[in-house]
Amino acid sequence: MTSLPNAAAWPEDFSGRVKLFPLPNLVLFPHVVQPLHIFEPRYCDMLTAALEQDGLIAMALFRAGWESSYLNSPTLEEIVCIGKVISHTPTEDGRHNILLVGMKRATIIRELTPARPYREAQVDLLEDLYPSEGEAERPGLVDRVQELFAHFVPEGLAAQESFKQLIGKQLPLGILTDTIAYALNLPLPIKQQLLSEANVDVRCRLLIRCLEQKIKAPSDGSASFPEDDFPPRFSEN
Numbered sequence: 001m002t003s004l005p006n007a008a009a010w011p012e013d014f015s016g017r018v019k020l021f022p023l024p025n026l027v028l029f030p031h032v033v034q035p036l037h038i039f040e041p042r043y044c045d046m047l048t049a050a051l052e053q054d055g056l057i058a059m060a061l062f063r064a065g066w067e068s069s070y071l072n073s074p075t076l077e078e079i080v081c082i083g084k085v086i087s088h089t090p091t092e093d094g095r096h097n098i099l100l101v102g103m104k105r106a107t108i109i110r111e112l113t114p115a116r117p118y119r120e121a122q123v124d125l126l127e128d129l130y131p132s133e134g135e136a137e138r139p140g141l142v143d144r145v146q147e148l149f150a151h152f153v154p155e156g157l158a159a160q161e162s163f164k165q166l167i168g169k170q171l172p173l174g175i176l177t178d179t180i181a182y183a184l185n186l187p188l189p190i191k192q193q194l195l196s197e198a199n200v201d202v203r204c205r206l207l208i209r210c211l212e213q214k215i216k217a218p219s220d221g222s223a224s225f226p227e228d229d230f231p232p233r234f235s236e237n
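Residues 1 to 237 (my numbering) make up the sequence shown, in order.
Read the hints as simulated data drawn from the structure, not as lab findings.
There's no promise every hint is true.
In silico lysine-lysine, DSSO-like type, Cα no more than 27 Å apart, as pairs [stated by the list, open to error]:
| hint | residue 1 | residue 2 |
| --- | --- | --- |
| 1 | K164 | K214 |
| 2 | K214 | K191 |
| 3 | K164 | K191 |
| 4 | K216 | K164 |
| 5 | K216 | K191 |
From a predicted model like this one, the values you see are computed outputs, not experimental measurements.
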């Protein structure tokens, strides 16, 4: 495994052009680390180009109905998460294992005319919004979402200690909601909605409603995760 120098640094000369890695089953969030196995030739080419340039790859979610046009260019959700490769391990058969840290939300403005086998887009960055009118209620949102998240933390000592450490970081509400939204196995449309919401107060209230519903009407435990998967990989970039 090769750790890359200055891996978590955002490029100062970012032009708004990003390589797109669309998947049907993953929503990446800023501040978390996602392992990926790259094997399709077009995405191996994409990774090679990214490593030679700025290291950035934007994770995008296919919109519903993508199955019939996968080999072409299925429509993507408008809001994506730009990640940066922080670790790269090539395999003997030409595949790649990477760690991608979520860096920024972005809005796809337009897709670019393909010059390579993979897709690229011009994007606008989407920063977290902390409205001044929400300052008084924000501490209560932090307390409530942490209280609800505790219901889904495994009971093992290691997991509970990791949860205490995560809460002890006193993270900004935007980072806290992103970390929880990524960690829980929520439905993909809900995750995409959470990714798409730049207003951190609105995002947190949506997450709180989702967690309250899961607690009141548990079905198959799909919002929780096994102890081995806790805590989620996290980056304070």
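So which of those numbered hints doesn't the model satisfy? none
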